[in-house]
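K.L.:
So the chains spell out like this:
Protein chains: 2
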Amino acid sequence: MVYEIEGGVNAAVGFSSMGVHAGIKKAKRDMAMIFSRVPCVAAGTFTTNVVKAAPVIYDRDTIYENDYAQAIVINSGVANACTGEEGMKYCKDMAAATAKALDIKPTDVLVASTGVIGQQLPMDKIQTGIDMLSFTLDSSEEGAHLAAEAIMTTDTMPKEIAYEFRVAGKQCRIGGMCKGSGMIHPNMCTMLSFITTDVSITKELLYEALSENIKDTYNMVSVDGDTSTNDTVLLLANGMAENKTIDEKNDDYYAFVEALNAVNTYLCKCIAGDGEGATALLEVKVNNTATKDDAITLAKSVCTSSLVKTAICGHDANWGRIMCALGYAGVDFDPNLIDISFHSKAGRIEIVHNGISTGYSEEKATEILSEDAVTLIIDMKCGDASAVAWGCDLTHDYISINADYRS
Amino acid sequence: MVYEIEGGVNAAVGFSSMGVHAGIKKAKRDMAMIFSRVPCVAAGTFTTNVVKAAPVIYDRDTIYENDYAQAIVINSGVANACTGEEGMKYCKDMAAATAKALDIKPTDVLVASTGVIGQQLPMDKIQTGIDMLSFTLDSSEEGAHLAAEAIMTTDTMPKEIAYEFRVAGKQCRIGGMCKGSGMIHPNMCTMLSFITTDVSITKELLYEALSENIKDTYNMVSVDGDTSTNDTVLLLANGMAENKTIDEKNDDYYAFVEALNAVNTYLCKCIAGDGEGATALLEVKVNNTATKDDAITLAKSVCTSSLVKTAICGHDANWGRIMCALGYAGVDFDPNLIDISFHSKAGRIEIVHNGISTGYSEEKATEILSEDAVTLIIDMKCGDASAVAWGCDLTHDYISINADYRS
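Chains as they are written, first to last, in my numbering: chain X, 1 to 407; chain C, 1001 to 1407.
Just so you know, not all the hints are guaranteed correct.
[Unchecked claim] Simulated restraints, written as ranges between beta carbons of each label pair:
#	chain 1	residue 1	chain 2	residue 2	range
1	X	Lys100	C	Gly1359	49 to 55 Å
2	C	Lys1364	X	Asp131	40 to 46 Å
3	C	Tyr1003	X	Asp293	48 to 54 Å
4	C	Lys1345	X	Lys100	33 to 39 Å
5	X	Ser400	C	Ser1361	24 to 30 Å
6	X	Asp247	C	Asn1288	15 to 21 Å
7	C	Thr1291	X	Gly84	41 to 47 Å
8	X	Asp384	C	Met1088	53 to 59 Å
9	X	Met123	C	Asn1336	18 to 24 Å
10	C	Asn1288	X	Lys89	39 to 45 Å
It should be emphasised that the hints constitute simulated quantities derived from the structure, not laboratory data.
Built from N, CA and C at the ideal position, the CB exists for glycine as well.
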């Protein structure tokens, strides 16, 4: 069991954070820092895009080569992607400056960037930001909240959460913050997520828990089908909950995985629901497929279909588009077995039964689809695997946000 | 060499056609017929969607089981998709009624439908339409043009073309018409294409020519990434040009393939440029990849990216989005080798050289991207294969067209 608590990335014992305005963006907070009093084991997962931003390469190598991490420094406004050797050097400089300010090892600092592709980081402003952040780090809810705010780009709201869970009688905490709202803003990019926990766990199991869980969480989110060059999830565990270190896949491990899943699921729904221009969170549940991969493929196909997304925007129970998107997903199935239901706060209605219309009430269906979070439940009736994907509707505002000039 | 001529699907000797208003749609022409004085060898390619409309299954089986075809009857307004056994029976009834009206064999009639998914065909109106069409078939340009008009749904213009070509000293003709503008209109579907030629060719080579050519033409078009339940290309060859029958892959065969490619390429550009809500045809050329499959995958990834499509809508030289879409396509490459140029009637400009910005003029780039047809040329520098994909920009009108209710 997990219980929601306050505090975001500061909820776990020993973590402090902050967000400031360093001048990279005109008026908004644009740099954040997360710091742990003691070194943490760290795990990271990164974009599969062949075009990887410099901080993605830097963090991947740093986590691989070092046993611990103790701080993360993040900027928004400039993505440090497509920036060549110079971009790689700035990652190292950013980590070195942070290490100096915090009096820790440079190799214990991770970096992350989000913003415009193709521009170099303004290193003077970055240095100013690091100085400000290191002096003002704060372990309260407020510090975590300002950090969550500082990593936003086209996001309309900060995204943070924390949970409490028990491992062998010890209270532990896990908190996270993320940003992401499209591949993003004209020429901008990235989903970034930062998770902190005070659980004690080995680096190997921390990585395994994260890399398994992202398959059901971050990898199931799509705002616009564009996989960014900067996508990063970083997870720090500092062990200050003083539980017996989790070093095997026992009940303790699964208690941690449950809490990690709760954080990631919450943050993913935030990202999808706050997709660029979105008015509704779209949740697609595909049940009873032959394999888990089939369920994932089908759920993603429906969730990313432009025609399904515009139908949700129009509150239109357009099931032909759902059948169509299932059909071209690349999974074989019998269309004559499919049931489709719509679900939201306004109720639940079955639209399709055994592949044809149930003769449902269009009025009731529209009412259900007019909420700010709607779920499509698709029963394939050919097995017992299932998957959930998250997306959002496709609206005029998405076009306005992304067709504007980059000025 | 091929030469453009007038006459659309009536350009080839022996073909006549017509389009009428049978009352399926409120006020627009909604039924078309194509007829050849003599039986034709026929080839077809159909949607890969698992959810196949009834006429797709009917035509696939009819072409497979019979040596010849002599007429095609088409309706717009109702797609006859997700209609079960009843829908299959109506295909047979539609073919039988057409055969009776034209005094030919029922098995020599092919059928096609486009429109709303999930509704049954109004067979009384279909019968009326068949009677009207069979009495008014016309071998002039006008007949072909009215047929091209009658198969439109959300298309803003009819799409037809014809070419003349020589096979071993004989003049031959090939013409085509198609429709398609999205997976289409609220709950509508389909790309339909009909091609007629008077060349004499074996059924086997006709099929091979078509199935090879669609890989470079129809399969490279994407308006919104949604593969319809009804996609159909039908090709009839009646032999009335009296050339020596093409029965091997000699120069004659390749002369025919060149003409077929010219028809299909023209029609594909029409479909892409007339995509729902589109203001511009987007052509993406990917050159110098290791394999043809790599080139296809990369070209499609760029051409279907929502962020690239909205950038074209905004006349914005947003090359970071192009790099990003190349990067997540699933093909491995070195980002530091890539060159990207933009080309249109307004000129040509290199934007990216060896993976970084050329420091181009944003003003000039915007001017080039403001034309109604723009080409992105991407040089991967890792081989000698290439591919071209066609799409369009993503605009407010696409959202308006597809987010409206189905009324």
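K.L.:
Taking each numbered hint in turn, which are not upheld by the structure, reported in ascending numerical order?
P.N.:
Of the numbered hints, 1, 4, 6, 7, 8, 10 do not hold.
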